[in-house]
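Residue numbers (my numbering), protein chains in the order written: chain X, 1 to 407; chain Z, 1 to 407.
A hint or two may mislead.
In this list, chains with the same sequence are indistinguishable; a pair is considered to hold if it fits within one copy or across any two.
[What the hints assert, rightly or not] SDA-like, lysine to any residue: derived pairs with alpha carbons at most 25 Å apart:
1) K128 <-> E362
2) K396 <-> G118
3) K349 <-> P248
4) K212 <-> R251
5) K349 <-> G118
6) K128 <-> A356
7) K212 <-> R343
These aren't lab readings, by the way, just hints derived from the structure by calculation.
It should be emphasised that the depicted structure is a prediction, and the values quoted were computed from it without experimental measurement.
Protein chains: 2
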Amino acid sequence: MKVCWEQVAGGVTAPRGFRAAAVRCGIRQVETDDLALLVCDTQGAAAATFTTNRVAAAPVRWSRRAIATGRVRAAVVNSGNANACTGERGERDVATTAAKAAELLGFQPENFLIASTGIIGRYLPIDKLLEGLPRVVRLLDGSLEAGERFARAILTTDTTLKQAALRCDLGGGASVTLGGATKGAGMIAPGMATTLTFLTTDAAIEAPLLQKALKRAVDRTYNRISIDEHMSTNDTVLCLASGLADAPPVRGGTGAARRFEAALTELCQTLAVKIVADGEGATRLVRIEVTGAPSVRLAVAAGRAIADSPLCKCALHSGDPNWGRFVSAAGYACPPLEEARTRLFIGEKLAYAAGAPGPATEAELAAAMAGREVLLRLELGLGKAQATVWTCDLSKEYVAINADYHT
Amino acid sequence: MKVCWEQVAGGVTAPRGFRAAAVRCGIRQVETDDLALLVCDTQGAAAATFTTNRVAAAPVRWSRRAIATGRVRAAVVNSGNANACTGERGERDVATTAAKAAELLGFQPENFLIASTGIIGRYLPIDKLLEGLPRVVRLLDGSLEAGERFARAILTTDTTLKQAALRCDLGGGASVTLGGATKGAGMIAPGMATTLTFLTTDAAIEAPLLQKALKRAVDRTYNRISIDEHMSTNDTVLCLASGLADAPPVRGGTGAARRFEAALTELCQTLAVKIVADGEGATRLVRIEVTGAPSVRLAVAAGRAIADSPLCKCALHSGDPNWGRFVSAAGYACPPLEEARTRLFIGEKLAYAAGAPGPATEAELAAAMAGREVLLRLELGLGKAQATVWTCDLSKEYVAINADYHT
Chain X
1 MKVCWEQVAG GVTAPRGFRA AAVRCGIRQV ETDDLALLVC DTQGAAAATF TTNRVAAAPV
61 RWSRRAIATG RVRAAVVNSG NANACTGERG ERDVATTAAK AAELLGFQPE NFLIASTGII
121 GRYLPIDKLL EGLPRVVRLL DGSLEAGERF ARAILTTDTT LKQAALRCDL GGGASVTLGG
181 ATKGAGMIAP GMATTLTFLT TDAAIEAPLL QKALKRAVDR TYNRISIDEH MSTNDTVLCL
241 ASGLADAPPV RGGTGAARRF EAALTELCQT LAVKIVADGE GATRLVRIEV TGAPSVRLAV
301 AAGRAIADSP LCKCALHSGD PNWGRFVSAA GYACPPLEEA RTRLFIGEKL AYAAGAPGPA
361 TEAELAAAMA GREVLLRLEL GLGKAQATVW TCDLSKEYVA INADYHT
Chain Z
1 MKVCWEQVAG GVTAPRGFRA AAVRCGIRQV ETDDLALLVC DTQGAAAATF TTNRVAAAPV
61 RWSRRAIATG RVRAAVVNSG NANACTGERG ERDVATTAAK AAELLGFQPE NFLIASTGII
121 GRYLPIDKLL EGLPRVVRLL DGSLEAGERF ARAILTTDTT LKQAALRCDL GGGASVTLGG
181 ATKGAGMIAP GMATTLTFLT TDAAIEAPLL QKALKRAVDR TYNRISIDEH MSTNDTVLCL
241 ASGLADAPPV RGGTGAARRF EAALTELCQT LAVKIVADGE GATRLVRIEV TGAPSVRLAV
301 AAGRAIADSP LCKCALHSGD PNWGRFVSAA GYACPPLEEA RTRLFIGEKL AYAAGAPGPA
361 TEAELAAAMA GREVLLRLEL GLGKAQATVW TCDLSKEYVA INADYHT
């Protein structure tokens with residue numbers, strides 16, 4: 001599809017009809033905002049995808065039920081504590097949070113999606129959260145600055161702000177805006193929603209259509225990134241639609257629906273790649289394109305094996321063209337692979353073809369791995385399916401961050 | 001089964017009827033033996049398991065065919081070069097090696113299993129290997145010292161020698177000896193044979209029975225260890241039987257066959273755990289016991305998810321009782337998991353039960369993770385299947401070793 005979007009400033013408050021805010025309530029030990037609120041001014045549409053981990057955090061279990069009511073129009077988010085593996089007390093803390101937020105805003109509890117990120121297995125300091133809620137409600141604001149503050153408050157070990165917004169041309173002179181904020185930077189792996197992500201749009205769209213578009217967008221973007229292959233207990237991607245754009249409703253099966261989904265996918269892609277680029281300890285962003293696969297599933301499997309292998313990630317870290325690691329990872333992840341048909345490019349250089357090295361020299365391959373961004377292209381020569389998987393390198397800094405995260 | 005074995009000194013030359021040797025031929029840059037030879041004095045039985053990686057090294061392809069002839073009685077092994085991803089030239093180099101070894105020993109080429117370990121994607125320096133072969137043949141010797149020299153020559157990034165031998169009581173006053181040597185320490189993951197391993201026995205046993213026993217032993221031991229989840233292109237486990245013990249033949253379906261398999265499994269277990277204990281950069285050996293699983297497959301999957309997660313491995317490295325990482329790894333790997341039925345112990349301390357933390361304190365859990373060996377016990381409460389998976393921690397040293405291995 002031809003590009004039907006352009007980047008615009010801001011994040012979750014870029015579309016019409018959204019207000020956001022964040023405060024510090026003291027859940028995190030560092031002095032930073034750790035409680036955030038996002039509100040849609042209308043009872044529009046909501047869609048969400050959640051972790052497929054059987055150990056789902058209390059806020060995820062709450063939010064699944066809330067989304068099912070079709071009435072979600074706001075999100076309360078805290079960082080610093082995942083409220084996962086916290087049993088009945090965790091459930092109560094979520095219900096208390098939603099009830100208090102509802103009281104403050106004149107909403108119902110089921111209007112709230114609740115999301116948490118941080119350490120697993122510790123009870124939420126609910127008093128601190130409840131103390132912060134009235135303050136964050138008072139700060140609600142539709143400015144781009146408020147959206148940015150929201151985006152900062154959901155971060156944990158991230159080193160960069162992760163937000164983006166697009167204007168989407170729906171055709172016929174109509175356009176809508178989409179915005180979003182996301183967080184990394186550990187427990188990031190494909191196969192589920194991955195991480196906390198809040199998307200907004202001023203499009204008028206029915207919830208079922210929004211849900212379908214969101215699921216496909218997440219499958220193609222968030223589910224194809226990997227930092228450490230560890231699927232979180234808290235992964236949530238929420239999309240709220242206010243319907244306040246000056247554009248006709250987006251209806252299923254139309255060109256406008258296809259354009260909207262393309263823009264939503266682009267927004268998810270932009271945000272997902274920001275996560276990988278800021279992976280814990282990462283120094284390189286790696287794009288793995290797998291083509292000629294017998295199926296998309298096997299293309300993703302081959303790409304993901306490279307993305308997840310610590311041996312591959314170490315070679316990517318040092319910029320060492322030890323391409324045998326990439327080929328052998330594909331070899332155990334993609335059973336139909338045939339060496340004679342397989343080609344591996346690093347950048348534009350052919351590292352491996354017809355079962356043997358070359359023709360590129362080691363110096364050429366090393367040069368192709370020297371930059372901040374590395375492209376690996378694996379041609380399987382078996383079919384027409386393809387997929388792109390994103391990952392980062394594995395550094396000593398990753399070990400340092402994650403060996404000491406808890407204490 | 002009651003223990004029917006006892007440890008004895010030595011490795012591959014501990015059983016009767018085996019000679020071994022090793023020399024330096026210059027394939028590795030470091031000054032160490034890199035060419036090894038193991039010969040059975042009789043045309044006994046041979047069994048082997050190989051990598052399931054679709055990118056199989058040239059020596060693996062050769063050895064699969066050789067084993068199928070039923071005539072393997074010797075092995076030529078080199079370290080420093082995997083001869084993988086080397087196309088037709090790689091195939092020719094293996095054939096040349098086998099032909100030369102056959103000429104020197106008066107054997108046929110198909111009497112040789114060939115095994116290589118080292119860098120992938122570089123052509124074997126065949127002239128160096130051919131120069132070394134007559135020297136290694138001249139050194140062949142049945143002493144325990146010769147077996148140890150063989151075991152040292154197959155190592156790469158290993159820091160410790162890995163050999164073991166057992167005497168197995170077959171019942172009725174008869175006993176046989178089993179010996180073995182193995183190597184780590186990277187590209188180690190379950191799901192295939194894993195690494196290069198050479199097992200010997202003086203039992204008289206038919207090849208089909210030996211093959212069945214070996215496959216089951218490998219499935220329960222080598223296929224349940226993980227250092228870095230990267231399946232090698234060269235994994236080979238060979239078992240040769242000379243038949244020279246002073247004991248009646250081991251026949252299928254007898255108590256002697258069960259005892260032999262139990263001892264073979266114990267030998268594989270001993271060698272496999274040595275690999276994990278010497279994982280690249282490893283400082284801790286981790287035993288993950290999963291019980292109450294609906295199936296062995298899911299027990300292994302849950303254990304393996306913990307063993308493979310870099311987040312779990314970093315927590316294990318620092319001895320940080322961040323047990324939420326262990327529980328969440330099981331949660332994405334074992335779909336039937338139910339939080340209410342799940343319990344996680346670190347050592348003897350209960351970290352997580354009925355979906356919530358405790359009752360053990362953080363200090364108690366930290367103490368349980370402080371030693372050189374750590375036990376994680378995950379009780380799923382779903383069924384009767386169980387499995388034990390072994391892994392090691394992830395350290396900055398792993399990154400250092402693997403970021404710089406190639407150059």
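In rising order, the numbers of the hints this structure does not comply with:
Per hint list: 3, 7 violated.
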